[in-house]
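Position chain B against the provided structure of chain A, taking the given hints into account.
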Amino acid sequence: MPAIQSSATEEIHPDVALVERAKKGDTAAFEQLVRQYERQIFRVAQHITQNREDAEDITQDAFLKAYEKLDQFQGNSKFSTWLVRIAVNESLMRLRKRKTSKVVSMDQDVQTEDGSIPRDFAEWRPNPEQLYGQHELGDILRKTIQGLPPGFRTVFTLRDVENFSTEETAEALGLSVPAVKSRLLRARLQLRERLSRYFRQKNGGPIP
Amino acid sequence: MTCTDFLKQLTDYFDGQVEPELLAEVQTHVRECHHCEVVLDTTRQTISIYREHEIYEFPAELRERLHVAIMKKCAGARPR
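Protein chains in written order, with our numbering: chain A, 1 to 208; chain B, 1001 to 1080.
One chain only, chain A, in its complex shape:
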């Protein structure tokens, strides 16, 4: 088949049409966007805040803000990236309010190398799924990500849980691509180190 693709025939994301309709007051179009992304927004908020009630509030507030600011959405980025950015900001603000002593921002946590240098070199055998049941594994994964500094947790959540690209993560967090990469490496290594306590090969006997 002859290639007749050109930039003019580039696919437009279906969200763009929904946003356009919603801007003109079509609430059904906005409701469809809510349906599409409510789960993702809730998951992102819960990962960052580690609190279900906060995540519920944030999800509501994020959609309300998005609705009120629809005209500011220019379509340069994906609607989902724009929406997640709103939810991340709401989540970090919520953490700031909760923690009176500590400032929470994306710039925090960067100074320390703690936990980012690999120390545990044991293999994970048998693999975690063979070692733990679903329920127990869920507890370990929740507990472990909870221990990560918020800035790292946020980058890891977008890049590795939500499967955003590095560029989309940078856009959603207002960070540069190198900054995302550096935080992501540390987040992954810290998680790996912490998980290794549970998953490391026991060398044939119980750990003393």
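It is possible that part of the hints are untrue.
Dumping the calculated DSS-like pairs for lysine-lysine here, alpha-carbon to alpha-carbon at most 25 Å [what the hints assert, rightly or not]: (1) K65/A x K23/A; (2) K143/A x K202/A; (3) K1072/B x K23/A; (4) K24/A x K69/A; (5) K1073/B x K23/A; (6) K78/A x K143/A; (7) K69/A x K1072/B; (8) K1073/B x K202/A; (9) K99/A x K78/A; (10) K1073/B x K97/A; (11) K24/A x K1073/B; (12) K1008/B x K65/A; (13) K99/A x K24/A; (14) K69/A x K1073/B.
I should point out that these hints are in silico values taken from the structure, not numbers from a laboratory. Note that the coordinates shown come from a computational prediction; the quantities given were computed from them, not determined experimentally.
Chain B only, in chain A's frame:
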């Protein structure tokens, strides 16, 4: 290549974005350094285990309640 150099390439390695001239060095290092081989393997598992497990439940009841609350909030607002 040192272990520190290897770690610096880890993120790009997972993304398949290591410069071609560096890639062979990275692969040789992993073959020869057991520690880095383990770090590579267990970091890969760290990523996949979080990607594959939905660690927070989102039951239908919660979804419905949340959905209704969102739409109710937005009903009182206007897109600007």
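The hints, checked one at a time:
1. K65/A x K23/A: Distance ~13 Å between K65/A and K23/A Cα, so the pair holds.
2. K143/A x K202/A: Measuring from Cα to Cα gives roughly 21 Å; hence the hint holds.
3. K1072/B x K23/A: Holds, because 17 Å separates the two Cα atoms, which is no more than 25 Å.
4. K24/A x K69/A: With Cα atoms ~13 Å apart, K24/A and K69/A stay inside 25 Å; holds.
5. K1073/B x K23/A: 16 Å, holds
6. K78/A x K143/A: This hinted pair is violated, its Cα atoms lying about 32 Å apart.
7. K69/A x K1072/B: 17 Å, holds
8. K1073/B x K202/A: 53 Å, violated
9. K99/A x K78/A: Not satisfied, since the Cα-Cα distance of roughly 32 Å exceeds 25 Å.
10. K1073/B x K97/A: 22 Å, holds
11. K24/A x K1073/B: Satisfied, since the Cα-Cα distance of roughly 18 Å is no more than 25 Å.
12. K1008/B x K65/A: At roughly 39 Å apart (the allowed maximum being 25 Å), K65/A and K1008/B break the hint.
13. K99/A x K24/A: Roughly 40 Å between the alpha carbons, so the hint for K99/A and K24/A is violated.
14. K69/A x K1073/B: 14 Å, holds
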